[in-house]
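Per my numbering, the very first residue in the sequence shown carries number 1; after that it's consecutive.
For the record, the hints were derived by calculation from the structure and aren't laboratory data.
Mixed in with the good hints, there may be bad ones.
[Claimed, not checked] Simulated restraints on C-beta separations:
1. D230 / D55: 42 to 50 angstroms
2. D67 / S156: 20 to 28 angstroms
3. E25 / S156: 30 to 38 angstroms
4. E117 / T15: 32 to 40 angstroms
5. D204 / D230: 16 to 24 angstroms
Treat the numbers as computed from the prediction; the structure is a model and nothing was measured.
Ideal placement from N, C-alpha and C gives every residue a C-beta, glycine not left out.
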Amino acid sequence: DLNVPSLQRRTMELTVEVIKEKTGEFDIEGVHTLNLTGMGLRSAHALEACTNLTDLNVSDNFLSSLDFVAGLTQLKRLVCSTNRVSSLAPLKGLDSLHTLVLDANDISSLDELHHLEALPNLQHLYLRKLYREVAEPNLVCGHPSYRPTVLRVAPSLVNLDGERVRNENQSGILYALGAVTEDADDATLEVPEVKPVFTRKELDEACRPPPDQAPIDHKLAKEFETLVLDSKRLAATARALVANYEPD
Numbered sequence: 001d002l003n004v005p006s007l008q009r010r011t012m013e014l015t016v017e018v019i020k021e022k023t024g025e026f027d028i029e030g031v032h033t034l035n036l037t038g039m040g041l042r043s044a045h046a047l048e049a050c051t052n053l054t055d056l057n058v059s060d061n062f063l064s065s066l067d068f069v070a071g072l073t074q075l076k077r078l079v080c081s082t083n084r085v086s087s088l089a090p091l092k093g094l095d096s097l098h099t100l101v102l103d104a105n106d107i108s109s110l111d112e113l114h115h116l117e118a119l120p121n122l123q124h125l126y127l128r129k130l131y132r133e134v135a136e137p138n139l140v141c142g143h144p145s146y147r148p149t150v151l152r153v154a155p156s157l158v159n160l161d162g163e164r165v166r167n168e169n170q171s172g173i174l175y176a177l178g179a180v181t182e183d184a185d186d187a188t189l190e191v192p193e194v195k196p197v198f199t200r201k202e203l204d205e206a207c208r209p210p211p212d213q214a215p216i217d218h219k220l221a222k223e224f225e226t227l228v229l230d231s232k233r234l235a236a237t238a239r240a241l242v243a244n245y246e247p248d
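Build the full structure now, drawing on both the sequences and the hints.
Right, dumping it as structure tokens:
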């Protein structure tokens, strides 16, 4: 009954037989998609037998750990909303995972976000929903460094909490270039002074032909000058982007 408060719903033990009955599969290794929403599960270790599982939904249960995903290396999508999960450490080894939905859980520490580094193909992450009346966010989502930290540790991310990541993960790129400090509690932007590679005088001398050579091709000189101007415009645009960068 969906109207019964979650704390009052009966709990259920998940077994291989329950999974077979739920999916209609005789061979547990033939289970690829599984929906166990709202079954009152406190543990899901039986899922370890589903080695070919690619899509799993265990939302609205009483799960306090993700340890049941150990060995599910084929998993591409994991939905575990509205549970009691407090750690992301068990996700290590899920190289195929591209979608992770964990809103309304108990993740409270920024340190837990660093476990996302172990997910090289993660593209879609939900630790909170845009509509808070639907589900409360994890406490970590209220930290001012939440979004910059996620973007830094998950460079392949294109969607965070329903919002497309700007400029294909600008924060991660800036960190890789050394512009953003690693201290998540004091995320600052350090822009090194930009110095020209050549002075105008050096460029003029480089373009001036030696006395024993024919005059320089003016068409080529014009093209070279255009390239120099374009490079300066690009450099100015890059400096403006960095100067206007504001961590979310």
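Results of checking the hints against the structure:
1. D230 / D55: 42 to 50 angstroms: holds, 48 angstroms
2. D67 / S156: 20 to 28 angstroms: Since the Cβ atoms of D67 and S156 sit about 24 angstroms apart, the hinted range of 20 to 28 angstroms holds.
3. E25 / S156: 30 to 38 angstroms: At 32 angstroms between Cβs, range holds.
4. E117 / T15: 32 to 40 angstroms: holds, 34 angstroms
5. D204 / D230: 16 to 24 angstroms: At roughly 19 angstroms between Cβ atoms, D230 and D204 fall inside 16 to 24 angstroms, so the hint holds.
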